[in-house]
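**Student:** Here's the letter readout for the chains.
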Amino acid sequence: MSSTGSTDSAKSTRKTGDGLAKKTEKLKLDEAQSATPSPPKVKSKGLDVPKLWSESKDTRKSAAAFVVIGHVDHGKSTLMGRLLLDAGAVAQRDIDKYKKQATELNKSSFALAWVMDTGSEERERGVTVDIAQHPFQTANTDFTILDAPGHRDFVPNMLAGATMADLAVLVVDANQLESGMKGQTKEHILLAKACGLSKVVVAVNKLDATAPKAWDEQTFHHVKAEVGKLLQSVGFEKEDVLYVPCSGLGGTNVVNPAPSSGDTAWVTGASGTLLHHLESSPAASPADDQVKAPLRMQIADVFRGSITNPLSVSGRIAAGNVQVGDIVVIQPSGEKATIRGIEVSSEPGDWAVATELCTLHLADIDPVHLRAGDVLCSTAQPVGVIRSFVTQVEVLEPLLPQGVDVHVGRLHVPGSVAALISTVDAKGEVVRKKPRVAKAGETANVKVVLETGAPLPVGERVVLRSGGSTVASGRVGSVSVGR
Amino acid sequence: MRLIKQNIEQKDGSGTATLLPEEPEDMWHAYNLIRPNDLLRASAVRKIIQESGSGSRSVDRVHTTLTIRVTKLDFDPQASQLHVSGRVAEENKHVKLGSYHTLDLELQRNFTLEKNEGWDSVAIDTLKESINQDAKAQLWAVVMQEGLANICLITDHQTILRQRVETSLPKKRAGSSDHDKSVQRFYQTTYDSLLRQIDLSDPKPLLLASPGFTASSFQQFIKTQAASGANKQLQQLLQKIIVAHSASAHLHSLSEVLASPAVTSKLSDTKFARETQLMDRFFELMRNDDARAWYGPKECEAAVERAAVGKGGGVLLISNALFRSQEIKTRQRWVKLVDEVKEQGGEVRVLSSMHESGKRLEGLGGIAAILTYPIEDLGDEIEENGEEDDAWMNGDGNGHMNGIEGRREYDEDIDI
Ligand SMILES: Nc1nc2c(ncn2[C@@H]2O[C@H](COP(=O)(O)OP(=O)(O)OP(=O)(O)O)[C@@H](O)[C@H]2O)c(=O)[nH]1
Ligand SMILES: [Mg+2]
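Note that the protein sequences, when read in sequence, are chains A and B. 1 is the number of the first residue of the first sequence in the UniProt record's numbering; add one for each residue after it. 1 is the number of the first residue of the second sequence in the UniProt record's numbering; add one for each residue after it.
If a hint is listed, it holds; no wrong ones were tucked in.
Computed list of lysine to aspartate or glutamate pairs in EDC-like fashion (alpha-carbon distance at most 16 Å, straight line): (1) A/Lys-439 - B/Asp-289; (2) A/Lys-57 - A/Asp-288; (3) A/Lys-182 - A/Asp-73; (4) A/Lys-439 - B/Asp-290; (5) B/Lys-136 - B/Asp-202; (6) A/Lys-434 - B/Asp-289; (7) A/Lys-434 - B/Asp-377; (8) A/Lys-439 - B/Glu-284; (9) B/Lys-11 - B/Glu-117.
Bear in mind the hints are in silico, worked out from the structure with no lab data behind them. Source: prediction; values computed, not measured.
If we strip away everything but chain B, and leave its shape as in the complex, we get (with noise of 0.2 Å):
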């Protein structure tokens, strides 16, 4: 995303930055930086029906600027499409104050966003990660088994699956060849598949992984169609094809295969790996019962008021869906957490909630932390305060995520 233009006070807050989504993956950042409430401006179709005297109807589809105070946010990650809805703030002569409209943001066009509750730190680093315009990592994936192949598009934030290939394989049988044929048959679906996804003129690393050796297979089934046809760009994207391995073609495989060294080494992006890294390091401790690592909300929050997640080693992991929150109660609370943490010299990093990592942090309640020294009791504490903590599963549940992390290099003020 490209920053047109900002006048955000650092003292309280407020202000404006106006932004320009420049490809699809900005839509994701957009919406992980409006919330209900935000007062948002941008460029909307209104259809304006006009009746003649005669009764005969003509419509016209005309531009226009509108600003609306957010009460609602649809993302589709398949499409990257944000549908925000709310109430027009200001009128004109197209619009009525306070009716409802739904502005779709789009590609190449400004918006303006002022913060109702002003832009706190979270929404700065939100920010600022939108805007940054370093190279963009992206590869595809397809994590397959014999039968199945989940065919996504991994970038810097998203994890998005972009097509699906099932298919029903008779077993192996002795005497019949029906197994094996349509084992090929599967693969040329998939191959298929995969190119309609790809631009074979601009190829992106493809990885490819599999239980066993059906991504091995697969690829070889490529290198055989590249060997056969004219198609001179397949042989570019032999060179981009990486094999690993995978526990399923499940898509939760996918963080195993993303922490391979032969893939990570692939990926420009170092964030990424990080997390990754991160995650599996707090799961390492959690299963060895280590005092040092806790999730959940409240497990989370005594530990950083107790200094456990500061300066030397201390980590804080939290899901970007956190933020995202209809409450703003519930939005302030993570805000205070990830600061006090970044006070106490720790390390936060928000996990985007549609990469694997995230996903995995998702299951966890959204948030852990590794600690400093190891506190036992830190349960036992929570339990005798009783009452439930849910408000993360509240959520909308669909899991979206962002990479978007506390970027320490970014500790001076922006001035963007």
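The shape of chain A in the complex, shown without the other chains (with noise of 0.2 Å):
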């Protein structure tokens, strides 16, 4: 059956084709309704945005955003706790306020990643379900954590950081490789390549605890033969990777270099420490006619800003550029709102641009028109939304016409593979046509027919999962509002 528009379905009218979606009863909650008064009309300032860009770029200091990814329980939440412990963006204090309360759970073990695991239900049961967004500054660079969950029930939510991140930080405990390699550190490697990622750090995490001996080199080399393997086997470069050995929960070569004596004697010999790789890959700076493109922005969460921002909406520019008082509009709802102010690294200020993680609190429109995965966009150029479009997929589980997740970045919608076009070559010569089965490691011309009205752009990457695996990743190619 066709299930109703999970975003069209209430706020507009849109005719569903079956009785069955025309009978259920749909209800709504708005979570960031509010009654303040509507406040005064905001101008803009007409300002010339690419401009003033591209004069501030040689003074403004570089920015990236890091998405933490890999295996669960490898220790990201814990690592990145420990990172801004030590960078001084959290205090002593808090961490150990976070050891009692978790040793009150149970969860001594757990206090530096509840820097990231501020949910109830992650605290209790020591497990990460949603991305953490955390700035922080360096003298050189303003940094964003996106720590994902590892867990692959989550992997939804590890997409939405994914295609937010400029480079990627992969964790891997040196202790538990095989299960990794089979599970989510093989998977978030191929999801990361899908989202476009290029630059990965690796973590050779949990040194400490090598056995039998702690600090063990060779179980470091070896992690990074095999992790590195498969890097490349999913088309990473070799000179886009660098592997960091270290212990997050110890601290050890995160900030802090590691002891020149004892267990870690080798460590700064084969490494610098996590903070220092970070900082030699900055994020690549937008080209000119990215910004200047028309504006488009996934929307990440929606969520109430403050008092006086009553509805806000967090996300990373995937194209042009916005400035206070411009008018925007929704997709798929198609409903315009106004920007009443942006933040960018929690700081305030009057326009962003592509690749810029921002904030932007929004006017003059109801918050049932937004949610976590709509696009944000120029009102000139709008997304359209489609019913269907053929993809040519990386084929990594064997694909056949059937039910599938199709997820770009928050989005994730039902849909179906509705037919196997063709399995072309490296050079895209048609291999055969029309296949009864594309073979993982083939590379596939398919039609995906979605169950609702999404707005996806042609070039838009998109991810199919089934089962709760990923099967498939490629970009859209054609579009159609029909199916």
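Reassemble the complex: the two chains are provided individually, in unrelated frames, and hints are given to aid placement.
**Tutor:** In structure tokens form, the structure reads like this:
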């Protein structure tokens, strides 16, 4: 049965084609609805944002967002808590407080992870569920941490983080290499690639706990070799991958270098600290035409920013620029909103450009028209809402005409692979027309039909998943508003 | 459905059957029995407008029995209603011959059906299935993830989405409890909606499925409600809850859930489990590119022609949507195929297009086969023959389904 629209059904009169959908009662909870009186109209200053951006380019501090990925429990959140603590972005007394509370839940080893794991369920269960976004600064760079969950059930959330990042930090528990290579170490690597990431810092973690002896150098080299092989097979360039031996829990080689004597004597010779590597991997700044393109930003979160900003959205600007006073369109609802405030790296500003992670405070729109996964775009050229598309995908698991969840960053909608059109070789030449199955490792042209309309531009990166596994990934080719 | 009387001739399929729909799902059976061009006799309410000499109008509603030659069927699974349109085939004092009328089949009112092309084997199987009085399996399922819950009723033949709860949840944020609060509100709304749907005095099994912890947290939520409230009936519901894993809250995740032993053991219905199992097996073979698995109309016909879907493990999986084709030729084509497979000793499963396994099958053209021996070049032959065969794609596309199978146990002639 075709279920009713997730985003479009409630807010528009879009007709759903069957009786079932028509009769299904709809419930909407408007979380962000508030009774604040409408504020005075926001005026645009009419800034030439591309010009301002290009003038400020040389003097601006470099910025980078990195997504922290890897198999469940390999120590991602702990490592990030440690990074923030040692970089001075989080106070020791906060950690002490967490330690006390975590001990009460019998989870004392998670104290550092609690900096990332702020949800009550996350803390009770000791598992990250959703992306934690946390900015911090060093002398040279404004960083944003996007700490992803490792559990396979939360891969959709990991994807949301990966599409907002400039690079990935892959955390690998040196003592649990195998499970990860079959699980989410592998899947996350595939997805990082599918999301367009090319740079990876591999943190070979928990080296304090190698057996029989801590800080075993051979273990580090073994993990490095195995993970390196996988990364290269997926298409990462050797020179884009760095390896850091470390211990997040102990705080060794994260911000502070490892002691140069004892078990860790070899570490400084092998690699700099994690922070050092992050600082040496600045994000490329956007090209001029990317900044001048029509505005497009996928909404990662819709929330109540503060009393004064009752309705805010956050995300990474994929293309174009935005300034206070701009009027934008939200797809798929097609509703307009006014930008009443902008924050980049928690600093208020007048404008923001492509590749920046920002919070936009909105006015003149009812929150029912907004949800995570929607796309905020320019009124002149809004992204089209489509029902089907053709895509060339890398097949990761055998693919048939079948039901799939279609993921684009934060968005995921039910759909199906309606037809296998052909398989092609490396040059794009057709190998087989209408194959009965597309095998793992093949490249295939397929037609994907969505159950509900979704805002997908041509060229967008999509991931197809089924039964909790990633089955294929590619980019949107031709699109259609019909099925 | 109850069979009131029938006089179907085994030889040529002529004759009529009079049936009494007793429960909502019977409308689904009726939808699969009645085809265009059939003669349908059922009661109808006719509005008689009388204009008096002074110009005042009075409207009389009279019950009458109409016989129509069916032109169109409109099934509403959500409301379990079947509207059958056609031209009046027997005149009476209220209606003219040849005029158009729509009959809304009603519960507890007989209808009589005569098949234009006669009762074929699939129609007879559908009839037997519809009058099967075995205990009916029923369960409620809530497939969910944070912010989205699909509440469905699952019966022997249908998965019916009864309500969708959707809420935009703010994501977690350091120093803010908005996320946790709105998750609680989401549980509350889902709980309220669920209680509006289910009958607490006669609770059916309730399946809660989600990725992560959502389903078990929701179960906990229901427990807390039961413990705090005075509603004794909730206690009984608690006993009926099954928590399971699903990859997402989207409905197609149900097939995975329903195949899990935790669920199949609670369902009296083994037919359903068997179908899911066969679909899984088929997909498994396909994934390994095993040449014993083929899908698509031409491919399956070619396989049957080569006697590869017979005794010793041959299985034909076919969606009942194919038999609902407007074209009698198309229907006959599939009936013939089904008969052939049965003759060769293969197993035929007619899957309900309104169940998840039937939906999966529809994606494959509505028809798939597991062969007794591999045929590598089956696809090539068809490639050479050229022309497209998309008949299955032109169905009504809404996914109607019914879990009717070619039941072997009914092989002897019916005497109903
Ligand atoms: N010995 C040792 N244990 C560590 C280290 N880092 C993390 N751990 C432990 O590993 C467990 C999991 O840590 P997390 O930081 O929650 O792991 P994660 O990768 O964020 O887990 P998910 O987000 O749920 O995928 C905790 O008990 C940590 O104390 C380390 O460097 N050494
Ligand atoms: Mg974590």
